[in-house]
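Residue numbers (the numbering used here), protein chains in the order written: chain C, 12 to 180; chain B, -13 to 179.
Treat the hints with caution; some may be incorrect.
With a straight-line Cα cutoff of 27 Å, these simulated DSS-like cross-link-like pairs (lysine-lysine) come out [unchecked claim]:
| id | chain 1 | residue 1 | chain 2 | residue 2 |
| --- | --- | --- | --- | --- |
| 1 | C | Lys55 | B | Lys68 |
| 2 | C | Lys36 | B | Lys54 |
| 3 | B | Lys44 | C | Lys47 |
| 4 | B | Lys175 | C | Lys153 |
| 5 | B | Lys110 | B | Lys44 |
| 6 | C | Lys36 | B | Lys44 |
| 7 | B | Lys47 | B | Lys68 |
| 8 | C | Lys153 | B | Lys44 |
| 9 | C | Lys36 | C | Lys120 |
| 10 | B | Lys47 | C | Lys153 |
Taking CB as the label site, the calculated pair distances span [to be verified]:
| id | chain 1 | residue 1 | chain 2 | residue 2 | range |
| --- | --- | --- | --- | --- | --- |
| 11 | B | Phe5 | C | Tyr143 | 32 to 40 Å |
| 12 | B | Lys44 | C | Phe78 | 42 to 50 Å |
| 13 | C | Phe57 | B | Asn61 | 24 to 32 Å |
| 14 | B | Ile108 | C | Asn91 | 22 to 30 Å |
| 15 | B | Val19 | C | Phe86 | 32 to 40 Å |
| 16 | C | Phe86 | B | Pro58 | 54 to 62 Å |
| 17 | B | Trp62 | C | Ile147 | 19 to 27 Å |
One side only, chain B facing chain C, incomplete, derived with CB under 8 Å [stated by the list, open to error]:
| id | residue |
| --- | --- |
| 18 | Ile(-5) |
| 19 | Ser26 |
| 20 | Leu29 |
| 21 | Ile39 |
| 22 | Met55 |
| 23 | Asn61 |
| 24 | Trp62 |
| 25 | Gly143 |
If you're looking for bench data, these hints aren't it; they were derived computationally from the structure. It should be emphasised that the depicted structure is a prediction, and the values quoted were computed from it without experimental measurement. In this text, a Cβ means the ideal position worked out from N, Cα and C, and glycines have one as well.
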Amino acid sequence: MLYFSAIILPLIITIVIFCGLLENKKVYDLFCEGAKEGIKMTVKMFPTLIGIFLAIGMLRNSGLLDFISNIMGNFLKYLNVPAEIIPLALIKPISGSASMALATDLIAKFGTETRIGLLAATIMAASETTFYVIAIYMNQIKAKKSRNVIIPAIIADIVSIITAICIIK
Amino acid sequence: MNYLWPVLIIISFLFSIFFGNIQALNNSVFESVSDVVQLSLTLVGNMCLWCGIMKIIKETKIMSFLMKMLRPILNWLYPEVKDNKNAMESISINTVSNLLGIGNAATPAGLKAMEELQNENIKKDELSNSMIMLIVLNTTSIQLIPTTVIAIRSALGSPNPSNIIVPIWISTMAGTLAGIIVTKIMLRKRKNH
């Protein structure tokens, strides 16, 4: 599994560039053009990251987070769920940029290969910002009756988080 | 966020006085800012790399190849749209972009698909079956290469940033399957009424 994970990305990069060559595309020019967008995206993320890191850093250092974790900790420990990921799971469906900053903060504080670090990364990538997606899609056609589209969307979110908790030991 | 953010900061301030942690709180303000600067510097490299690769995918036939591969699955997911060529086209672009993690291509295609589905919708103020499936699949969004997470992990010094891919696949698949099953059951119940 480790070897498989290691080969995926180099393989994808090679295949993509090879396909581009087959079609006589200027792959290097295309690559550079796309890479510019990476800078834009990071710049766009920067203010949110500052805002969330500030708030979460203050929350953690005020002692409040430990206080709450201690109260809920025993119950969650029984379920084998680390208390630290609960805020992330709650904010994930509501705000994409906030949950990204929160996950980054967790990975930075607990380490990339720890259970919490891996869980944070998985939860962040495993679903989209549910409420935001529903809002813009419904707004596009000015639909008023959602016919409970929220139910399958939320169930999907919950299932993917539970699965992550189960497979990452 | 405009309510949550100030509340978090005000509560933190009040509690740090209550717990006597004001010194730690003060330090955390400066720490947070320099943490973000450091993180962003390493992040920007990885983001550029993946945006570059995605651009090549977008401009080559890889995109249309993937769309062809997905046809049978899409026909099953959206039985009402099978014969609506324009809607199907937008839905395919949306699905493939989601799979590849090209968010800025997925959303416009998804919104266009909504408009084309609306043309055939009988009750204009209500979501049709296909629209519900489209929205649910866009909220779960299976990603083959979770580029942002990999970039963040490598920026934070992970020895093997892409190790996370398989767990992400498993959990996003489980969520998506659950979403599809619940949607199908929900829509079938409606039909019987």
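Hint by hint, here is what the structure shows:
1. Lys55/C x Lys68/B: violated (38 Å)
2. Lys36/C x Lys54/B: Answer holds: Lys36/C to Lys54/B is near 21 Å, not above 27 Å.
3. Lys44/B x Lys47/C: With a Cα-Cα distance of about 15 Å, the restraint between Lys44/B and Lys47/C holds, given a limit of 27 Å.
4. Lys175/B x Lys153/C: holds (25 Å)
5. Lys110/B x Lys44/B: violated (33 Å)
6. Lys36/C x Lys44/B: holds (12 Å)
7. Lys47/B x Lys68/B: The hint holds at about 23 Å.
8. Lys153/C x Lys44/B: Violated, at about 30 Å.
9. Lys36/C x Lys120/C: violated (43 Å)
10. Lys47/B x Lys153/C: Distance ~35 Å between Lys47/B and Lys153/C Cα, so the pair is violated.
11. Phe5/B x Tyr143/C: 32 to 40 Å: holds (35 Å)
12. Lys44/B x Phe78/C: 42 to 50 Å: holds (48 Å)
13. Phe57/C x Asn61/B: 24 to 32 Å: For Asn61/B against Phe57/C, whose Cβ atoms are near 43 Å apart, the range 24 to 32 Å is violated.
14. Ile108/B x Asn91/C: 22 to 30 Å: violated (48 Å)
15. Val19/B x Phe86/C: 32 to 40 Å: 35 Å Cβ-Cβ, so the 32 to 40 Å window holds.
16. Phe86/C x Pro58/B: 54 to 62 Å: violated (45 Å)
17. Trp62/B x Ile147/C: 19 to 27 Å: Given a distance of about 26 Å, which is inside 19 to 27 Å, the answer is holds.
18. Ile(-5): holds (5 Å)
19. Ser26: holds (6 Å)
20. Leu29: With a minimum Cβ separation of about 6 Å from chain C (threshold 8 Å), the hint on Leu29/B holds.
21. Ile39: holds (6 Å)
22. Met55: violated (14 Å)
23. Asn61: Hint on Asn61/B: violated, closest Cβ of chain C at ~20 Å, above 8 Å.
24. Trp62: Nearest chain C Cβ about 16 Å off; hint violated.
25. Gly143: holds (7 Å)
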